[in-house]
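Participant: Heads up: the protein sequence lines correspond to chains H and V, in order. For the first sequence, the positions run 1 to 221 when our numbering is used. For the second sequence, the positions run 222 to 440 when our numbering is used.
Hint data in this document are derived by calculation from the structure and do not stem from the laboratory. Glycine residues also receive a C-beta, built at the ideal position from the N, C-alpha and C atoms. Take the hints with a grain of salt, since some may be wrong.
[Claimed, not checked] Short derived list, chain V residues pointing at chain H, Cβ under 8 Å: (1) Thr273; (2) Ser278; (3) Phe279; (4) Glu281; (5) Val298; (6) Ile303; (7) Val358; (8) Pro361; (9) Leu384; (10) Ile388; (11) Met398; (12) Thr404; (13) Phe405; (14) Gly422.
[Unchecked claim] So these bits of chain V aren't anywhere near chain H, every CB distance computed over 12 Å: (15) Val237; (16) Met251; (17) Pro256; (18) Gly257; (19) Arg284; (20) Ile289; (21) Ala343; (22) Ala344; (23) Ala364; (24) Asp381; (25) Glu409; (26) Ala426; (27) Val429.
What follows is each chain in one-letter form.
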Amino acid sequence: MELDFSPVIESWRFLLGGLGLTLALSVMTMLCSLVLGGAVGLARCYGPAWLRWPLVFYIDSMRAIPVLVVLVWSYFALPIVTGFVLPPFWAALVALSAHIAAYVAEIVRAGIGSIRPGQSRAAFALGMSRVQTIRQIILPQALVRMLPAFGSILSVTIKDTAIAAVIAVPEYMNRSQTLAGESFRPIEVFMVAMVVYFVVLFPVTRGVDMVYARLAHLGRS
Amino acid sequence: MNLDWSVVWRNAGALVDGTELTVALAVLTMLIAVPGGIVLALMRLSGSRLLTGASASFVELFRNLPLILVIYTAYYVMPIAIGVAFSPFVTGLVALSLNVSAYNGETFRAGIGSIRKGQSEAAFALGMSRWQAMREVVLPQAARRVLPVLASTWVSLFKDTSLVSVIAVGELAYTAMRIRSQTFRVLEMLTAMAAIYWALGYPQAKLVDWLHRRLGVSE
């Protein structure tokens, strides 16, 4: 078996464009999930009681359904319901954000739950209001504790964007498939894809660990 | 929008077959990946630099690759590299096992590592051998911490089996999408697929939460 990487090298622009789209989709998904998941997590912890069970239902449902199913459903079935066709990239953004936001909400809840009740009691004893206590006492400590979990969510997000290849988002995975089919060189194309994803993902996992090691003391109470 | 849900009932047999294959794939993967994870963890903790390095590289590699890429690579590369063409089912099983073994390896390593050194030192002080201390003192405590994490991995695995549909393994996702393209009943079939995954996955997710509450270590 001899390897010939020339089809990969010749198509570097095509692949680099795919990598750009992978990163863009990852960053946008992460931002949307942080906002949505943060809101859901906070509403679950501090919101009115009637709001809690629909939120728990949403979170647990997303944890139960594969991301592939959410992606395929958003792309093929959602337009039938809404009558509004989303291009693949935006359908993927909606599906991935809806999925990952559920995990973010769980992290937020766990982070807030890990702060001992003595902390808020002490804040109340000092005359702070509920909002002040949450903003100035609980969240600053909880956020530091959530950091490693957010880091792993970031790498999960990057890995999950590869599944968007199934609904023809022309990101790196999808373009690798295209190139593998056109060049008849699947081994070389997929080997390069493994290296590319590893090079993107490994520093993310390691970087988050390093940042956390320096900040961990801020979350102690 | 006219909907015809009878398509789901007419194809119930195929969906049940697909679901069975999904469950079989998840069970077989876990049966391979638990021993695989134990071997990886023991290699990592063996003290031999070669074994530690090999185990760490394996774990880091598969934890940092999208599973769908591993599946495609196994599908296209394995037949050429090894010279044996497996069925899509076996190919999917190999890819899933590689991925889950890496996660299990980390789980077992962290579980054993989380037991304080004093525990094995106390065992040695009582005259136990290294193996006895491991088996009778460290492992029983580690098992308690490992179990909820393994359960979470199981739930992820159950969902991840849907990814092998891309290499035409006839499990639930593949079956549902095949019927969708044959009948053009897109909304009905995709909703049925989501509903079946939900019905199977929801109780599992709840069970995992319960296990975490029951066995979880709070500090």
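Participant: Now, for every hint given, state plainly whether the structure supports it.
Facilitator: Okay, the hints, checked on the actual structure:
A least Cβ separation of about 18 Å between Thr273 of chain V and chain H goes past the 8 Å threshold, and the interface hint is therefore violated. The criterion of a C-beta within 8 Å of any C-beta in chain H is not met by Ser278 of chain V, whose closest approach is roughly 11 Å, and the hint is violated. The criterion of a C-beta within 8 Å of any C-beta in chain H is not met by Phe279 of chain V, whose closest approach is roughly 13 Å, and the hint is violated. The criterion of a C-beta within 8 Å of any C-beta in chain H is met by Glu281 of chain V, whose closest approach is roughly 7 Å, and the hint holds.
A hinted interface residue such as Val298 of chain V counts as satisfied when its beta carbon comes closer than 8 Å to some beta carbon of chain H; here the least separation is about 5 Å, so the hint holds. Nearest Cβ of chain H to the Cβ of Ile303 of chain V: about 10 Å, over the 8 Å cut. The hint is violated. Residue-level restraint check for Val358 of chain V is violated (minimum Cβ-Cβ distance to chain H is 29 Å; threshold 8 Å). For Pro361 of chain V, the suggested interface contact is broken, since its CB lies about 27 Å from the closest CB of chain H, more than 8 Å.
A hinted interface residue such as Leu384 of chain V counts as satisfied when its beta carbon comes closer than 8 Å to some beta carbon of chain H; here the least separation is about 6 Å, so the hint holds. Because the closest C-beta pair between Ile388 of chain V and chain H is about 11 Å apart, greater than 8 Å, the hint is violated. Evaluation of the Met398 of chain V hint against chain H yields a held restraint, the C-beta minimum of about 7 Å falling below 8 Å. For Thr404 of chain V, the shortest C-beta to C-beta distance to chain H is roughly 13 Å, which exceeds 8 Å, and the interface hint is violated.
Violation of the interface hint for Phe405 of chain V is found here, the shortest Cβ-Cβ separation to chain H being roughly 11 Å, above the 8 Å cut-off. Annotation: interface hint on Gly422 of chain V holds; nearest CB of chain H at approximately 3 Å, less than 8 Å. Taking the minimum C-beta to C-beta distance to chain H, about 17 Å, the non-interface status of Val237 of chain V holds against the 12 Å cut. The beta carbon of Met251 of chain V is kept farther than 12 Å from every beta carbon of chain H, the shortest such distance being approximately 16 Å.
Against the 12 Å criterion, Pro256 of chain V stays outside the reach of chain H, whose nearest CB is about 25 Å from its own CB. With a closest Cβ-Cβ approach of about 20 Å to chain H, Gly257 of chain V is found to remain outside the 12 Å limit, as its non-interface label requires. Residue placement check: Arg284 of chain V does not keep its beta carbon more than 12 Å from all beta carbons of chain H (closest about 7 Å). For Ile289 of chain V, the shortest C-beta to C-beta distance to chain H comes to about 5 Å, within the 12 Å cut-off, and the non-interface label is violated.
The non-interface label for Ala343 of chain V is consistent with chain H: the shortest C-beta to C-beta separation is roughly 28 Å, beyond 12 Å. Distance check for Ala344 of chain V against chain H: the nearest CB is about 30 Å away, which clears 12 Å, and the non-interface claim stands. A cut-off of 12 Å between C-beta atoms confirms that Ala364 of chain V is not in contact with chain H; the least separation is 23 Å. Taking the minimum C-beta to C-beta distance to chain H, about 7 Å, the non-interface status of Asp381 of chain V is violated against the 12 Å cut.
At roughly 9 Å, the least C-beta separation between Glu409 of chain V and chain H is not larger than 12 Å, which violates its mark as non-interface. Listed as outside the interface, Ala426 of chain V is inconsistent with that label: its C-beta sits roughly 5 Å from the nearest C-beta of chain H, within the 12 Å cut-off. A beta-carbon of chain H comes within 12 Å of the beta-carbon of Val429 of chain V; the shortest separation is about 9 Å.
Going through the hint list in order, the structure does not satisfy hints 1, 2, 3, 6, 7, 8, 10, 12, 13, 19, 20, 24, 25, 26, 27.
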